[in-house]
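Trainee: For the protein sequence lines, the chains are A and B, in the order given.
Throughout the first sequence, residue numbering follows our numbering, covering 948 to 1275 in sequence.
Throughout the second sequence, residue numbering follows our numbering, covering 93 to 350 in sequence.
Calculated directly from the structure, the hints in this document are not laboratory data.
On a predicted model such as this, the values are computed, not experimentally measured, just so you know.
One or more hints might be untrue.
As the list claims (entries may be wrong) - To spell it out: a stretch of chain A is covered by chain B in this simulated footprint if at least three of its residues, at any positions, have a beta carbon under 8 Å from a beta carbon of chain B; those stretches are:
#: 1; region: 1026-1036
#: 2; region: 1120-1127
#: 3; region: 1151-1157
To be verified - Derived lysine to aspartate or glutamate pairs resembling EDC-like cross-links, with alpha carbons at most 16 Å apart:
#: 4; chain 1: A; residue 1: Lys1260; chain 2: B; residue 2: Glu126
#: 5; chain 1: A; residue 1: Lys1198; chain 2: A; residue 2: Asp1220
#: 6; chain 1: A; residue 1: Lys1112; chain 2: A; residue 2: Asp1089
#: 7; chain 1: A; residue 1: Lys1112; chain 2: B; residue 2: Asp296
#: 8; chain 1: A; residue 1: Lys1202; chain 2: A; residue 2: Asp1220
#: 9; chain 1: A; residue 1: Lys1106; chain 2: A; residue 2: Glu1255
#: 10; chain 1: A; residue 1: Lys1114; chain 2: B; residue 2: Glu126
#: 11; chain 1: A; residue 1: Lys1260; chain 2: B; residue 2: Glu141
#: 12; chain 1: A; residue 1: Lys1202; chain 2: A; residue 2: Glu1217
Every residue gets a Cβ at the ideal spot worked out from N, C-alpha and C, and that includes glycine.
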Amino acid sequence: MVTSIHRRAACVLAATLCGALALAIPAGAQDAKPALRKVRLQLNWVPEPEFGGIYAARQDGLFAAEGLDVEVISGAAGTPVPQMTASGQVEFGVVSGDQVLTLRERGGSLVALFTVFHTSPMGVMVPEASPHRSLESLWKSDATVAMEAGLPFVRYLNKRFPGGKVKLVPTGTGLAAFERGTVQAQQCFITAEPVQLELRKVPVRVFSLAEGGYDPYTVSIATSEAFLAKDRAACAAFVRALRKGWASYLKEPAKYNPSIHKLNPAMSLEAMDLAARKQHDLVAPRTGDEVGWMERGRWVTLAGQLKELGTLKEQPAVIDAVFWNAPR
Amino acid sequence: MIARLLRAALPPAIVVIALIAAWDIAVRLMQPSEYLVPAPLAVARAFLEQRAELVPAALRTAGSAAAGFAIAAAAGVLAGSVLAASRFLMRGLYPLATLLQMVPLVAIAPILVIWCGYGPRTSIASAAIVSVFPVLAATLDGMRSTDPGLAELFGVCRASRLQRWWKLELPWAMPSIVTGLRIAAGLSVVGAIVGEIVGAFAGDASPIGIIILSAMRENRTDLVFASVALAAAAGFALFGLVSLLGWSLLRRWHASAG
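Bound-form chain B, shown alone:
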């Protein structure tokens, strides 16, 4: 298991190290001002100096993203299942659901503040809105591709609607749902940060979005990079957790978990 994980982690780790080395060499050669492109070491220094503020901030952002993601996952699977059950509902509501994906989040984020108030609720709502559509679309596609032969068999066996959903359609759609959840995991961090930029409390309990805003205002590009790296790490962690969950659900029976 550990050997497999190492094998999986090695190629991206090599790429990341190579990119950081290239970045460092480019900065040394071109010597841009620190406010334009900081050196990797300057970013690391900013992280170490501000870690007492940055790490809790990243955890707050990750918490909001995870909560938004959980809401989006539940709502997406439920809504996808309902739409898959009725052709009429699907035709009527799916185009409206796609609007969720097209709404510019930056434009509606201030309205979310008015509806949800300042604090994590706005970030959670923002994360949920931005990440619900991939889950919904993946669930719908997965369920609509259920094997018609098996559906007929469930009909012959007089399975109830709920039994058919639980024992046939949901497992059948699971690989597709896991893919949707993976996409949504990364998006939820983006959504949470957008929500924080318009509606989070600053001060001792600042999340990453506020630290980014503040660092930009103070021309602290090194701190902006450090904050963005932490936000990316939070997104990566969430993505990893979802992938692990998907793998544990699918490993016994689906080739995608191989």
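Just chain A, same shape as in the assembly:
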């Protein structure tokens, strides 16, 4: 009897060990896969279609396929993304081209890796009924314009249209002051504020700053020089996933907008779809380049403009250090 109990116990123990071993083999096989590299991407605004390719890459598992686990952190007005990225608090950040150059001059070694818009979506909008038909006409009037203080394009417009009498005020009221007519013009992203107003049946006219001669890389993704030097492979993998993500988003934004809408319910799906349509030609490559590819000449032009405007004391000694296009 005792022997039988011992035998039964031995069988149970052997079966348990076999089971544990069987479970352990696939777990071991899983462990054999290289662990995903955790990185953070800090946005400079709330989730919107201007970041569509990022969310598409995440939704389609493109970051994971490149060995990356990307945490996308939403931003807000005033989030110090350039400083956070340059100081290494996050690995990647969404910044504008002028911020890359100005921060580098002050010791923050940012390097641009990818640009969402090859043509800047920045503009100035006026009501459709406005008498102003051009930036020059607006800038030489005594209109009140809502515009973020310190933006280089304000200096650009002052220089381009000297003797302007516009009164500049902050944009803190959102669209309320514009809709009430308290301000006669407001800075905008061609793909954002005019879209919201169009859906509210408020017709506006938009003057593109790019067409006006100031066309920096806007909504660029940058990293720090230190991170690029330390982990160039991760940067290249990140850019590859972004390129694929953006290519997918450009083809089929409606597939990805619902997940962006979940993160930013304040912007309707209808507005997101419209914004995606409006931004398409500003993002999709004009030539055979990849999405997000940056041209050296554009950086040289921007550095020259910022020097001329007094935003930069000196042009960067080596412009190629300012940006890095990951190999195709």
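For this one, chain A is given, so just place chain B on it according to the hints.
Mentor: Okay, now just chain B, sitting in the frame of chain A:
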């Protein structure tokens, strides 16, 4: 008098100098990038280079803060006196008044722009809103603590309500009101800057709030520090003026002015 002022100014001056020296030593040792922490000398240089813009800007901000403070002082003392006069009003309105203190100013500042328009009016309104509650609360507390014996004496002498307020309750509450005014003075500068950040005109007539915004956008941390130091100086000046006023009102009869 001068010797007394010097004696009062010496300890904070020593602390400020020691802090600046520590800041300078820390920057020299750790050598952070200029965009993260500028050295004190860099801040001083930014101030000297931009003084033609910074000093008038600080005066504009101080003007808005002073106007907002004056409105808050008048409204706070008046409202505190009215609430102190009626238990019913106090129970009904005081909780609502405390809401003023809890309202996040940053959230309502854009609405102030819509109501008051762009320019100093928004900054003044913002300064007044943020600084009214300390004055109101201090006035109410001061008046409610009036000596009941003296109140009875005024009653026996058939003093009118106005006489009782002017000759008994207001003087009795004065030390408390002065304390409230001192707190409100510093807050009014904060309120004015918040108002400027959403509703001031940029350009030649920029106040400090706009210069801070602009300097942040341009990664000019040295200029941000210089602007903040000037704003603090404006707040300190207002605080000093209120303290001086309080001292001159109380020195003859109250121990707190000693």
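Trainee: Output the indices of the hints that this structure fails to meet, ascending.
Mentor: 3, 10
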